[in-house]
Amino acid sequence: EDQVTQSPEALRLQEGESSSLNCSYTVSGLRGLFWYRQDPGKGPEFLFTLYSAGEEKEKERLKATLTKKESFLHITAPKPEDSATYLCAVLRGSSNTGKLIFGQGTTLQVKP
Amino acid sequence: SAVISQKPSRDICQRGTSLTIQCQVDSQVTMMFWYRQQPGQSLTLIATANQGSEATYESGFVIDKFPISRPNLTFSTLTVSNMSPEDSSIYLCSVDWGTDTQYFGPGTRLTVL
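Chains as they are written, first to last, in the numbering used here: chain A, 1 to 112; chain B, 113 to 225.
These are computed hints drawn from the structure, not numbers from a lab.
Worth double-checking, as some hints may not be accurate.
In silico DSS-like pairs for lysine-lysine, Cα to Cα no more than 25 Å straight-line [unchecked claim]:
| no. | chain 1 | residue 1 | chain 2 | residue 2 |
| --- | --- | --- | --- | --- |
| 1 | A | Lys68 | A | Lys42 |
| 2 | B | Lys177 | B | Lys119 |
| 3 | A | Lys42 | B | Lys119 |
| 4 | A | Lys111 | A | Lys99 |
| 5 | A | Lys99 | A | Lys69 |
| 6 | A | Lys79 | A | Lys99 |
| 7 | A | Lys59 | A | Lys111 |
| 8 | A | Lys99 | B | Lys177 |
| 9 | A | Lys59 | B | Lys177 |
Counterexamples of contact, computed for chain B against chain A with all Cβ distances above 12 Å [said to hold, decoys possible]:
| no. | residue |
| --- | --- |
| 10 | Ser154 |
| 11 | Thr160 |
| 12 | Ala161 |
| 13 | Glu166 |
| 14 | Thr191 |
Everything numeric in this text was worked out from a predicted model, so none of it was measured.
C-beta: ideal position from N, C-alpha, C; glycine also.
Chain B extracted, bound-state conformation (with noise of 0.2 Å):
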């Protein structure tokens, strides 16, 4: 079965500052997503990683404070913006073969100080 990974695994931030996450999956996908899961939550989607053009944002999440890349089937980034507090969480990326299933990578656990 094909290997979704993420880096960092987690990682602990000061407020202010950026960090971008990685998703790497070792066969090329259909669709890619970001999800964002806050402590003792459910999940909830950030935004529709789009090959080579911009990502598809929900309700409540924008392009600055998430930007996010897809330079090609197999690979997408999230950067979070000037975090805050509030910004600690698991954040996921899952993809879809074409089959309306979405499997998860491992998650990023984020803490800002």
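Just chain A, same shape as in the assembly (with noise of 0.2 Å):
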């Protein structure tokens, strides 16, 4: 059964500290794997999509890494205005079918 397990639930971090928030995945045939942050009361925001093992992208502070069974999306310095939840999803199959499926969230807070 497909299933994306992210860890830690909830992580506080003082300004300035980095650390890493991981995504474990089991899928047959991966095709993408997805990461969003949702701030609350609002709809998931696009960060990143990620192909294949290896692969690494970045966007000011993060930097999202694929393995083949895991991915890491790194906060480098991070600043109060990071707080989020940050949702990893998978999409399987030759062909788009569209169903993400989403692990349940960690949910950063970033102190000052």
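The task is to assemble the complex, starting from two chains supplied on their own in separate frames and drawing on the hints.
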């Protein structure tokens, strides 16, 4: 059965304290892995798409990496505005069925 | 960048009633989807809204409870029928322009009393 597990569930950091969020997945035929940011009361905001092991994507203080079993979202020198829930999702299959399977998310709090 | 809007943004409804949620995109999209996010939970796909034909539902979701329409390439509706308190959730539409990446609307927060 396809499964996505994120850890930790919650993470508290001091401003400037770098860390990583983990997304472990079990899926038959990975088509893509996606990272989203969700602020309270809002819809998920797209961050990155990763397609194959070894791929890396960067955006400001965020860097996403992918292996055959997991993905990491590295946050370098975070700021309070990076506080949010970060969601990981996978898409499988040779054709785009559109069925994203989401993890439970990691809620990040960055204190000034 | 394209704008995805949902109406209403929130609503409080009585059990046994129905609510229709609208999703509008300002450019034509390839695929449209509806998700549910229950309190404190992650997102679960309800169905794929197919243009001009019946929606494709995921296991555990049925057309009688969640009828969906998609009359054109920029608009879709989701109806939550015969509501109970267990239907209290955030309902989200998402769109794909053919790149595999889905972009989400702002969501509709539904409370059923």
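How the hints compare with the structure:
1. Straight-line distance between C-alpha atoms of Lys68 of chain A and Lys42 of chain A comes to about 31 Å, which puts the hinted pair past the 25 Å bound.
2. For the hint pairing Lys177 of chain B with Lys119 of chain B, the CA-to-CA distance comes to about 19 Å; that is within 25 Å, so the pair holds.
3. Our distance criterion of 25 Å between C-alpha atoms is met by Lys42 of chain A and Lys119 of chain B, whose separation comes to about 14 Å.
4. The hinted pair formed by Lys111 of chain A and Lys99 of chain A fails the criterion: a straight-line CA distance of about 35 Å is larger than 25 Å.
5. Proposed proximity of Lys99 of chain A and Lys69 of chain A is supported: the alpha carbons are some 19 Å apart, at most 25 Å.
6. As the CA atoms of Lys79 of chain A and Lys99 of chain A are separated by approximately 33 Å, the hinted pair breaks the 25 Å bound.
7. Our distance criterion of 25 Å between C-alpha atoms is met by Lys59 of chain A and Lys111 of chain A, whose separation comes to about 21 Å.
8. Taking the CA atoms of Lys99 of chain A and Lys177 of chain B, the gap is about 20 Å. The hint holds against a cut of 25 Å.
9. A hinted pair counts as satisfied when its Cα atoms are at most 25 Å apart, and Lys59 of chain A with Lys177 of chain B does not qualify at roughly 41 Å.
10. The claim that Ser154 of chain B lies off the interface is violated: its Cβ sits roughly 4 Å from the closest Cβ of chain A, which falls inside the 12 Å cut-off.
11. Not every beta carbon of chain A lies more than 12 Å from that of Thr160 of chain B, the smallest distance being close to 5 Å; the non-interface claim is violated.
12. With a minimum CB-CB distance of about 10 Å to chain A, Ala161 of chain B fails to clear the 12 Å threshold, and the non-interface call is violated.
13. For Glu166 of chain B, the shortest C-beta to C-beta distance to chain A comes to about 16 Å, beyond the 12 Å cut-off, and the non-interface label holds.
14. Every CB of chain A lies more than 12 Å from the CB of Thr191 of chain B, the least distance being 20 Å, so the non-interface label holds.
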